[in-house]
Every structure is written in structure tokens, then in C-alpha cells.
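Peer 1: Below are the chains, spelled out letter by letter.
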Amino acid sequence: MPAAAKEPVQPILEVRDLRTHFDTDAGVVRAVDGVSFHVMPGETLGLVGESGSGKSVTALSIMRLLQDQSRIAGGSILFCGRDIVTMDAEQIRALRGDQMAMVFQDPMTSLNPVLRIARQLVETMVIHGRRDRNSALGHAVQLLGRMGITAPERAVDSYPHQFSGGMRQRVMLAMGFSNEPALLLADEPTTALDVTIQAQILDLLRELNTDFGAAVILISHDLGVIANVCSRVVVMYAGEVVEEGPTEALLSDPKHPYTWALLNAVPRLDRYIPGQRRLTTIEGMPPDSHQWPRGCRFAARCPFRVEACTEHPELLPVGPTRHSRCWVTQTGQSLPKPALPLVAPAAVKKVPAADREVMLEIKGLIKHFPVPKQNFFAPREAVHAVDGVDLIVRKGETVGLVGESGCGKSTLARLIVRIHEPDAGLIKFTGHDITHASAAEMRPLRRRIQMIFQDPYASLNPRMMVRDILAEPIRFHGLTDDEAGTQRRVEELLGLVGLSSTTAAKYPHEFSGGQRQRISIARALAVTPDLIVADEPISSLDVNIQAQIINLLIDLQERLHLTYLFIAHDLAVVRYISDRVVVLYLGKVMEIAPAEALFDRPLHPYTRSLISAVPIPDAAIERMRQRIHLQGEPPSALNPPSGCRFRTRCPMAAARCAAEEPVLHEYRPDHWAACHFTERV
Amino acid sequence: MSEASAPILDATPFEPRARTSGQRWRRRYGLAVIGAAIIVIWIVVALAAPLLAHYPPHAVDVTVRLLPPSAAHWLGTDPLGRDVYSRLLFGARVSLFAGITVVVLGAIFGTLLGGIAAYAGGRIEEGLMRFTDLMLCFPPIILAMAIAAAMGIGTINTMIAMLIVWWPKFARLARSLVLVQRSQEYVEAAHLIGYGPSRVLLKHILPNSIGPLIVLVTLDVGHAIIVFSGLSFLGLGVVPPTPEWGAMVSENRELVEQWWGATFPGLAILTVVMGFNFLGDGIRDWLDPRARRR
Chain A
1 MPAAAKEPVQ
11 PILEVRDLRT
21 HFDTDAGVVR
31 AVDGVSFHVM
41 PGETLGLVGE
51 SGSGKSVTAL
61 SIMRLLQDQS
71 RIAGGSILFC
81 GRDIVTMDAE
91 QIRALRGDQM
101 AMVFQDPMTS
111 LNPVLRIARQ
121 LVETMVIHGR
131 RDRNSALGHA
141 VQLLGRMGIT
151 APERAVDSYP
161 HQFSGGMRQR
171 VMLAMGFSNE
181 PALLLADEPT
191 TALDVTIQAQ
201 ILDLLRELNT
211 DFGAAVILIS
221 HDLGVIANVC
231 SRVVVMYAGE
241 VVEEGPTEAL
251 LSDPKHPYTW
261 ALLNAVPRLD
271 RYIPGQRRLT
281 TIEGMPPDSH
291 QWPRGCRFAA
301 RCPFRVEACT
311 EHPELLPVGP
321 TRHSRCWVTQ
331 TGQSLPKPAL
341 PLVAPAAVKK
351 VPAADREVML
361 EIKGLIKHFP
371 VPKQNFFAPR
381 EAVHAVDGVD
391 LIVRKGETVG
401 LVGESGCGKS
411 TLARLIVRIH
421 EPDAGLIKFT
431 GHDITHASAA
441 EMRPLRRRIQ
451 MIFQDPYASL
461 NPRMMVRDIL
471 AEPIRFHGLT
481 DDEAGTQRRV
491 EELLGLVGLS
501 STTAAKYPHE
511 FSGGQRQRIS
521 IARALAVTPD
531 LIVADEPISS
541 LDVNIQAQII
551 NLLIDLQERL
561 HLTYLFIAHD
571 LAVVRYISDR
581 VVVLYLGKVM
591 EIAPAEALFD
601 RPLHPYTRSL
611 ISAVPIPDAA
621 IERMRQRIHL
631 QGEPPSALNP
641 PSGCRFRTRC
651 PMAAARCAAE
661 EPVLHEYRPD
671 HWAACHFTER
681 V
Chain B
1001 MSEASAPILD
1011 ATPFEPRART
1021 SGQRWRRRYG
1031 LAVIGAAIIV
1041 IWIVVALAAP
1051 LLAHYPPHAV
1061 DVTVRLLPPS
1071 AAHWLGTDPL
1081 GRDVYSRLLF
1091 GARVSLFAGI
1101 TVVVLGAIFG
1111 TLLGGIAAYA
1121 GGRIEEGLMR
1131 FTDLMLCFPP
1141 IILAMAIAAA
1151 MGIGTINTMI
1161 AMLIVWWPKF
1171 ARLARSLVLV
1181 QRSQEYVEAA
1191 HLIGYGPSRV
1201 LLKHILPNSI
1211 GPLIVLVTLD
1221 VGHAIIVFSG
1231 LSFLGLGVVP
1241 PTPEWGAMVS
1251 ENRELVEQWW
1261 GATFPGLAIL
1271 TVVMGFNFLG
1281 DGIRDWLDPR
1291 ARRR
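Listed in order, the protein sequences are those of chains A and B.
Each residue of the first sequence is one higher than the one before, counting from 1 in the working numbering.
Each residue of the second sequence is one higher than the one before, counting from 1001 in the working numbering.
Take the hints with a grain of salt, since some may be wrong.
To be verified - Far from chain B by the CB rule (all over 12 Å, computed), these chain A residues:
1) L60
2) D88
3) G138
4) F212
5) P317
6) M442
7) P473
8) G514
9) R559
10) N639
11) E666
What the hints assert, rightly or not - Some, not all, of what chain B presents toward chain A, calculated at C-beta under 10 Å:
12) R1024
13) S1183
14) Y1186
15) H1191
16) L1192
17) Y1195
18) P1207
Stated by the list, open to error - Pairwise CB distance ranges, derived in the manner of DEER restraints:
19) B/R1253 with A/N112: 47 to 57 Å
20) A/T430 with B/I1214: 40 to 50 Å
21) A/S438 with B/I1108: 23 to 33 Å
By construction, these hints were calculated from the structure, which means they are not laboratory data.
For glycine and all other residues, C-beta sits at the position ideal for the given N, C-alpha and C.
Take these sequences, add in the hints, and give me the full structure.
Peer 2: Take a look at the structure:
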């Protein structure tokens, strides 16, 4: 924190009893319903909550960027003592981008694609009369350099599409800081980015906070990110603040059951308990925003509820610096640690890995996607999506596949299920060579390999009822004798994934993201497959729903003896669910090892830096951790580096790495890595 | 909103904008219903023309030429003494038939071609879409004139000419819609069931692409009627004695004093085009879930 604290300090932003409402046909939605908090100058405040909790609407209210149907129905927002709520359009415009700035979640859409970076940065400064065009341009170059963009003189003349997501977020930060604002709002600024890039941006955000002294409100659903950056946290649920306090205390000793549930639903890299096969989840869903419950809004899902919870609790102090909206912890007591049954590792795990039947074998698999030529005479180029991958999946195990976006993990999944046609290599499924199997040859095998998709909003046909979505594969493969049998099987499948049979007659849009993912899982199970390829099945869900889906997947694996190939970018989840883990970088395997060995004793420098980039929701640990910072961005898959693909970002790269490509070698039993210098890690 | 001291959170001080479902429905689809009603009335009129007409449409009687609207001739008579009202009713048959047929056939052909192009990709797509572009190059009226000149003037020949220039826009729209759907995960899931390409295209992709196409169809029928009338007006559409709205406007356009000859067929064209436009707008709103929710 900057040591600019002079007594007495006035808060730079004070939100008092803010109420933001949406007018809809079904009535009024009280998206923000009596929210109060303050931000001191130079402070970093985290705003946490699941989707629909009102955290983004709060930020938009502060910036007065609300859409037409929404309005501020009550309360005040004091910025440096002036009420933003009552300002006219002219006054608020003078404030926005000058003293208050905002960085949005999606860096792909927050810059104007047809204007050069320079113009967008200069405009921000000139429009507020801070600088003339020439000095603004100089300042823009300087700022981009400060944001860690290489060759800023060239970068200002580029268009946004020439930058990656991480780079664009740096440009957005440069824009945000161009007028040295007193307050920066960052709405999920790293959610769309990879872990290594996220770590870079979070570091930058902390440095900027120190250097410029701007207060930062960081909105995130990820408690690890909050722990990494923020000194104080506000937790929101159902349009209200439910808990507020210093990050360290709040994360180590939550005083509201919702915070408690959020913390315990996330698998943690630093706290892996062998044999713990389930995550703590809370039941149900957030209440209906059209009509919040009368009593405590969390009561219906709360594992600690008491009789008093039928009455709405106020946000009251619990301890000197903390507030909580809960009757149970009013006395100052802490919430107990979750007690989860430790399950003895399933019998199948005891069989030595090498003795288990090989289900899927991949050798030297290659897939290149040709890109359109620049001009007629240009050489033909191709994206090297998967570039020589070897992999074995044995019966009954879960293999985790991790890597940054663009490393080829989704392409690999689609090669295995044969949506894509491989260019070269070998795919063998239970002894059958399916590398170039025709559609007809694949048809009987389709029953045995299924896939769960990433986006629950795109993976179900919006015009089909759930009943038909699930019955379709059953009918196609003739798995039941008659229509009645099909309907019975549909009900059975719904029960298997924890949905009631009344949902069969509904359409996908009537479900939440988590429920849709359950339907997607049920569809995959409809044909009783042996192998399920799961392509980031939880990455677009809220943490509590994530935990529910992970638990469901583990349940199903134990009951139905499934084999999983689980693709994710969240390393903590991969560690939690996988028996073995494969690390992919630019279409090549960097390391393969049992989960425990990979996370405890990684051999490859890339694996090490990935692990160290994962934020952990514990402020004390976050401060102590030694990080290996990866510089820059992954190189283009159009033209991958010679030798070792990772050498351009590797802290240990030497001349040999450029000349000679390291081969995947078994350094320890069942622990493979592709690096020349594994002994130095 | 004068509820300053309301601690009860379930009180409803902010409800004035909530509407009943009936009000909401009327506000959103009222115009569409009017449009549909206009179209239904015109279709009924076209079908029942022999019953509603007072005179045969071709009955020439020079003794009653150019009479203003009266009880005997509701909408007056034209230079040959034919009853404008009766000709208008029979004209509806030709105009509506031509407009609807051209657009529906064009839509079906264009959608299948564009859908197959987008779904197949590669060389097939390239070939089919370049052919489509070639067709788009022709100015529709000139092409229709050329075809009419080559094949002779007549309702069917004019419709064939229109069809040739009509389908490419549906092909282009269908292609872009199918391209969006093709990469959706539910389509991949359908492949994983084991479905072949035609089944995936017909059962999964096209039903999800059909919305904007239906909107274009309804908006386009009005356009097609105008073009058909325009061609008739230029003398390319129907063979002279046949009643057709555009041809009627054309025949009577120089009669400034006898305004009824051209005005009433013109109004008929106007109402039908408006009807289809209202309906098209309504269907567009209804098919767009975001607009529906609001």
C-alpha cells in the first residue's frame, strides 16, 4: 500500500445504501439492493460474488454506465464528496476516464477495432484537456512501455486486432491510467486470460496501484485473484453486501456462511488431501431476483441456519475491522472447517498403472490447419495445432490435460473423438485403429467414446426438449426395444445427473448453466460410453456449481467405471480430479506424470511456472510464494520456434535448446518430460 | 417513487412499469396481427373473387367507359368500360400468387444451396457461392426483361425470370446463418451420436437457422409483389387482358382526371406490402429471444 496516509483521511468513494433496479416485463429486479461500502485513497478493494450477485451492476452504477432499463432507485455514491447519482450527463462525462476509469472483462471487445491504439489513448487524454496532441502521444508511448509492452513506439501505431488478449488488457490499463485517475474499477480483468498472463496482469495492477496511488476496485469471482491483489474484500450475495473485512482475516476465518462456502468449494493447490474425493458444495441456487426472500437471503442454502434466519439480518460489526450479515456469527464465533468423508482410494486405483488395460493410445498425432494465403504467391501457412503428441489413457483412470489457450488441447480432444481428421500419427481405441476410420466404421465406436463440452449455452440444441436431446442417441443406436423403454431410460439418465424427471419436457433455455451442463453429461452417458472426453466442462460456471459438477463427475466415475480425459486450464481442479496429468505447450507434450509427482516435483520449467502462476485464496501464502514469472506471450502456432518450443519464454534456455528438440524421456518411473535440463529444475 | 422509509424489502413501491402479459403481447405483436389480418383478408378476397365481383373482369363495355365510382361501379370503370372493383379482386389472385410463389420457391432453393455450401465448405462452397455471386450480378429488372423477351411475355415466364434473380440473397443469408451454427458445440454433439451430414444439416442446423430466413420471406413477399407489378407496369408481366395490379396502374396512369383507374390498384399494392412488412417485423421480434424477453 502507498504510505500516503495522512490523518484524517476521507474515503475517496463512499457508496451509501445504493439501490439499482431493472425494469422488466416480469416486474422490477432489485439487482443492487442497499449496498454500502467505501474505498480509501490508494486502497485496493476486492468485490466478490457469483454471477447475478450484483457486483458488476454496482460497478456500472458507480460509473453511471447503466443500460436503459436500469436505474438508480435510491442511495448515494459520493466520489471525493460529490454525489455521482445526482450529477448531470456533462458532469459525469468530465469525471469518467479522468478521475475514474474502468477496465472491462473482455479485452477483445473493449477497444475500438477500427482505430489505432495511439488515437484511442491520445483521445482519452486530449478530451479531458490534460494534454495537447503531441505531448499526449509521447505520454501514450511512455505508458505502453510502463505496461510492459515491448517496442511501444511501434505498438501505438497498431490496431487492436494485432494484439493478443493479454496485450489488449495492458492497453486498456494504459488507457485507464492515462489521466492518473484517483479510482480504477477493474471488472474481472483477468478472467478471459491464461494463468501465466493473469499473473503478469495482476502484478502490473499491484505495481500501478503503488506507483500511481490510484485506488483500485477489483471485481472478481476468483478468491485467489483477490488474495493476490486486494487489502480489503467486500462479498456480495443476492444484491447485498454479506461480509466485509481485511483480506487475510476474511479468507482465513470467514464470518458469513456464503464466504465460507465460496472458500471451501474451490479445490486448492496448496491444500491437497489424498483420499478426499469430494468438494464442499452448498445446495440450491441464488434466490429469484424478482422477489428476494424476506429473511436472510442465504438461509435456504445455508448449512448453519438457525431460527433467527427467518428475519433479515443487518450488516453488523464482528470484530474491530469486520462486518457480517449473519445471525450465527454475531457472537464472534468462527464457522467450523468442513468435514468431508475421506474415501479410501477406489479399488481400481490400487492396481499398478502399468497393469491396467490401455484404453486409448495416441502416437505422433499431428493436425495442422491451413490458413488462407496472404496473396497468391505467398507460401502456404498452417497453424500447428497438434504437432506430434504421444499419450496413453488406461481403463478407469482420469487423465488431466492442461495448457494455455492455443496449446492444442481442444483440437486434441476433437481428434480423439474424430470430429477432426488427423494429418498423421496413430489413434488406437481399445485395440481398434481409428486414425482414419470412416463415418461408418466409427458409428459402432461412437457409443463408447463421448464428449462433454465447454459452453453449456452452445452444447444443447435450443429447439429441442431435454427429452428429445437425451432420446436422440438412444434411438439412433437402437439401445431400447420400444418408445416406453426410451422414455424410462431418459428418466433414469436425468436421475443419474441429479435432475428431476419433470425437467424432460423443458427446453434448454429454461435451465441455468450448471443444470445445462448436467444435461450435457446425461447426453454423453445415454449411450453408456467407456471413455468420456471432457473439454473444459466447468470453466464457464460459478465456483459452487463447479464443485457440484466435479463431485458429480467423480460420483459417476465410481458408479459407472468411466475413464476420463479431462481438459482444463485450472490446475487446482486438474490436480484434484486427475490420476495422471499431461502438460501441453504449442501442440507438444512437455511433461506427463502422476498428478502427485507433477505438482510436487515438476521436472519441466513450463510446468513449474504454470503451477506458480496459480493464485491461492490465502493472502499470507500469496505474499510468501516464490513465483517464476514467465515473460511475454506464447509464440504463434503458425511458426513455432525451432528446437524446444518453450525456449523463447524459458528462464533456463540455452543455445542447445534452439538447436536440438528435447524428446520426451522417462526421468523417473512413469514421469516423462521433454527438457534438456530437467536435473537443474 | 415516494417510498423513502420502507424497510420491508418485499414491499412493491417500484412496480408501475410491470405490465400484464396481455398488454405486453398487444404492445409487441399488435401490428403483426393487423398485418396478418390484412394478408388473410386479401387471400380470402382472392379466393372468393368470382363470388365478390360484380362483373366478369374482362367484360368490355365501351358505353360505360371512365365512369367515376358509383353504386353500380364501386371503384369506377376504366377506358374500356371494365369494372375496376372486379378487376382489382381478380388482380389479387395474380399478384399474391406471383409474389408468394416466387419468394417461397426462391427461399427454399436458396436456403438449401447456401446451407449445403456452408456445411460442405472447401471447393463445394467456393463453387456454389461464386455461382450465387454471378446471379447477384444481374440487375433483376434487366434480366427479367431479357428473359421475357426471349421466352415471351406471360405470368409464368415473368415468375421464372424473377426466381432466377431472387434466390441468391437467400443463399447468402442461409450460408452465413449455417456457418454460425456449424461451429456450435451442439452440432459437434450430433456428430458424436453418429449422425451423417444430411441429418445434422436438416435436423439440427437448419431449424436453428430458419428464424431470420422466415423474416426475410415475409418482408420479401411485399417486395416481390412490387417488382412483379413493376414488371407488369413496364409491360413485361401479364398478357394485357389479364387483370394485375401493376398492369392496371400502368394502363390507367395517364388518366389524370379519372384518378380512380390507377389509385385503387396502387392502394391495393400498398396495403398488401404493408401487411407483409408488419407481419415480418412481428415475426422477427418473436424469433429473437432477447427482444421477446424485454
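Peer 1: When you take the CB atoms of B/R1253 and A/N112, is the distance between them in 47 to 57 Å?
Peer 2: holds (51 Å)
Peer 1: So is A/G138 really clear of chain B, every C-beta pair being over 12 Å apart?
Peer 2: holds (44 Å)
Peer 1: May I ask you to check that A/F212 keeps its beta-carbon over 12 Å from the closest beta-carbon of chain B?
Peer 2: With a cut-off of 12 Å, A/F212 remains clear of chain B, as the shortest Cβ separation is near 39 Å.
Peer 1: Report holds if the minimum CB distance from A/N639 to chain B is greater than 12 Å, and violated otherwise.
Peer 2: Its Cβ never comes within 12 Å of chain B, the nearest being 24 Å, so this holds.
Peer 1: Taking C-beta pairs only, is A/E666 more than 12 Å away from all of chain B?
Peer 2: holds (34 Å)
Peer 1: Is it correct that the beta-carbon of A/G514 has no partner in chain B closer than or equal to 12 Å?
Peer 2: holds (16 Å)
Peer 1: Far enough from chain B: is every CB of that chain over 12 Å from the CB of A/R559?
Peer 2: holds (22 Å)
Peer 1: Verify this label for me: A/M442 is non-interface relative to chain B, using a Cβ-Cβ cutoff of 12 Å.
Peer 2: It is violated; A/M442 is separated from chain B by about 7 Å at its closest Cβ, not greater than 12 Å.
Peer 1: Is the hint on B/H1191 kept, meaning its closest Cβ partner in chain A is under 10 Å away?
Peer 2: Holds - the Cβ of B/H1191 comes within 10 Å of chain A, reaching about 6 Å at its closest.
Peer 1: Is it true that A/S438 and B/I1108 lie within 23 to 33 Å of each other by Cβ?
Peer 2: holds (31 Å)
Peer 1: Next item in the hint list is B/R1024. Is there a CB on chain A closer than 10 Å to its CB?
Peer 2: Status holds, d = 5 Å.
Peer 1: Is it correct that the beta-carbon of A/L60 has no partner in chain B closer than or equal to 12 Å?
Peer 2: A/L60 clear of chain B: closest Cβ-Cβ about 18 Å, beyond 12 Å.
The structure fails to meet hints 6 and 7 from the earlier list, while all remaining hints are met.
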